[in-house]
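Chains as they are written, first to last, in my numbering: chain A, 1 to 457; chain B, 1 to 457.
Accuracy of the hints is not assured; some may be wrong.
[Stated by the list, open to error] Simulated coverage check for chain B against chain A, where a stretch passes if three residues somewhere in it have a Cβ under 8 Å from a Cβ of chain A:
no.: 1; stretch: 178-191
no.: 2; stretch: 225-235
no.: 3; stretch: 251-263
Because the hints were derived from the structure by calculation, they are not lab data. Positions of the beta carbon are idealized from the N, C-alpha and C atoms, including for glycine.
Number of protein chains: 2
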Amino acid sequence: MRYSVAAAARGAAFALFVSLTLPAAALSAEAEASSDISSFTLDNGLDVVVIPDHRAPVVTHMLWYKVGSADEAPGKSGIAHFFEHLMFKGTSTYPSGEFSEAVAAVGGNENAFTSYDYTAYYQQVAPAELDDMMRFEADRMRNLVLSEENIETERQVVLEERRMRTDNVPSAILSEELNATLYENHPYGIPVIGWKDEIEGLTHDDLKAFYDRFYTPNNAILVVAGDVEADKVRKLAEGTYGAIPRGPDLPQRVRPMEPDQRTARTVTFSDPRVSVPNLSINWFVPSHRRAEKGEFEALAILSEVLGEGLRSRLYQELVVKQGIAASAGSYLQGAAYDYSGFVVYGEPRGTAELDAVEKALVTEIGRIKTDGITPEELETARTKILRDQMFMRDSQTRTANLFGATLATGGKVEDITGLPERLAAVTTDDVRSVAQRYLDLSRAVKGYLLPAEEKRS
Amino acid sequence: MRYSVAAAARGAAFALFVSLTLPAAALSAEAEASSDISSFTLDNGLDVVVIPDHRAPVVTHMLWYKVGSADEAPGKSGIAHFFEHLMFKGTSTYPSGEFSEAVAAVGGNENAFTSYDYTAYYQQVAPAELDDMMRFEADRMRNLVLSEENIETERQVVLEERRMRTDNVPSAILSEELNATLYENHPYGIPVIGWKDEIEGLTHDDLKAFYDRFYTPNNAILVVAGDVEADKVRKLAEGTYGAIPRGPDLPQRVRPMEPDQRTARTVTFSDPRVSVPNLSINWFVPSHRRAEKGEFEALAILSEVLGEGLRSRLYQELVVKQGIAASAGSYLQGAAYDYSGFVVYGEPRGTAELDAVEKALVTEIGRIKTDGITPEELETARTKILRDQMFMRDSQTRTANLFGATLATGGKVEDITGLPERLAAVTTDDVRSVAQRYLDLSRAVKGYLLPAEEKRS
């Protein structure tokens, strides 16, 4: 079976942001593609987005549920991700494994992932198989068998996954507690996979209630990208998903929000398994949904100029010029409902001290806050985003991902198609302004991953 | 009006622990007093504790609700404390102010306080007024008028209280975010008074639901201490509180618990209003209810030896011998349902550096973990607790406080009366053992309060 927890790792979340900015530019540059995109809603509330792509006889079928770990009740962490496992067990219609075998039998791929804000399931198959995929996926939306045996089996798998991916990985241990420190009130401070004791405590009733509440057509988004037309998708969707009755209306997703933070914090994990130390400086910023007009795009350009890629300021200064860092950069977390993370990081090279890397990072942050960026840097950042679209266009999955993640975090199709214009409107002043507003060291959380013998006071 | 938020400040929580250990010793030393204590439960579920004390014609009447900020729903912080205010508004029986005027008219005192685990209301009056106090207190348990006008008026008072006591007080700002960092999952990380935005968002429906759920006789404890006998209290309680119907059964108080923490954290607040810097080293330890047998008592003795009072190791070493600290010590937070805090603190004197104070604190912590304490220190700590009882015995309020706080956090009367024996059973090995188990610097949260010009990396 193929499971993954997306967005629990910073890299995964980063990928989502790349997805968010790049294909939008792609869609603008190739208007014929974007004009083909259509979206509609079935009578039972299921939102559908169709992204035709006829370059190859392949279709990507993704079902996104607007529920993630941040929607869990207190003390029930891990329940959203638990379903990523349970959904591969049997239903009252098909025994366990039959769906996966059907995908494998036609040479397809499948996977699933869970984030703070959504849970998604997908298959990539030949267009002729789309109807079957929809039938299987619609079936497990409502007919899952939540037997005690399935629950206990998958609980052990999830606990093993947690041991392997978090408890045995120093950077993941640090990341988990760093998030818990960065978010003082919002559930983004709780890990997507869940706290161990709470995974152990989830009951059949917890799972049943969660399934009945959130696994409904009116809480889902169907994204189909590939060698297929909207009319065909609509017909197939109506014949499969369309038969499922609408579930109870869900209240707006209101999570406890962050207070006005005023302290600087550090989180340090020292472990013998760490050979090279590293540090990160972390802030949360408004998500694309919550940001003021233009703010999120300015943050994207800020991150691009400051620390994305080999031509960025951080790489050029710390890695190339000073030679003190093996890596240095920044990233902005992508599609999220309430907050995105803005992260600056560095890792010393050779005999350089972590302190020296930190000082250099802080200097560059100070410089971009004081002096802003140049018109040339702004233009280069925009061009880079436009150029990167070429790589993006090759991936049906990433394109489908973008639409699913955007819609599942409160965005609209137009938020994607309109992004190039919004990027074009960003000025150098906007970038300096968001740097000054958000990159405040007196409210940052720094994370230190250290070899066991190193000590910081 | 007289309001206070107890246990939001560390000092207040400390006071509770002092209350917890001292009167127990008192009760043992003066057996006649402890043997008079009686407890019973009314038919509607109200628990009653009576502590006769005939030295003066005074009686302390306290009503404790087993609900505090840690019982609030996510996003609804501050609601428990909000009631501490609303309960002084009018009921359907008496207009606003009538209860307080009645207390003042007979020369009495009244007050109320809210903690993570309880909300309590009390009056101190002549015994003849006890019946009246019960009548008023029983009335507002169920007949409070939750008008929009009362709510809005008190919301402004609460917000002003928050501004005055937290947002304008550097040490309180630090303390709030330090707790949010120390508790990664448990609601003890959320301030008792509530986050500003959440106080602003509380609705009439939120308050009404909270009142109906938690303000019931079967969720309350009546503590009466003073010049009165149990029979009389029972008769009065039955005639007043006894008329209130039992409320719905409440589920066990299960809060999200802490994961296995593995990182060292710091929280730093720098502000121009800070003249002398200070630091604290913070851990959470099991509450008296959750601790293994003897563990909480060993922690109490550990704190006593390490840092309580002028003869403690920290005071003697840092203040007297080295002369680098203006103050240095430790304390163990008291009556709590899930976790207690163990805190070590210090403040430099004159030109001494904060770093030097921190190093000295860390050295003493290391020493007590390695070598433990001497039999003489153990004996002195026990004797000190027994001696301190004399001061305690003078306060009816503190005695009533002890019983209320203990019972409201899941303890029993016998937990108090049996404490001297449990203290006597603690060995020097037990103390070293809890020091090694809990005072782990790789999992501590350090708090730094700094003048604005100072910087820490």
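A quick look at each hint next to the structure:
{"no.": "1", "hint": "178-191", "in the structure": "holds (count 8)"}
{"no.": "2", "hint": "225-235", "in the structure": "violated (count 0)"}
{"no.": "3", "hint": "251-263", "in the structure": "holds (count 9)"}
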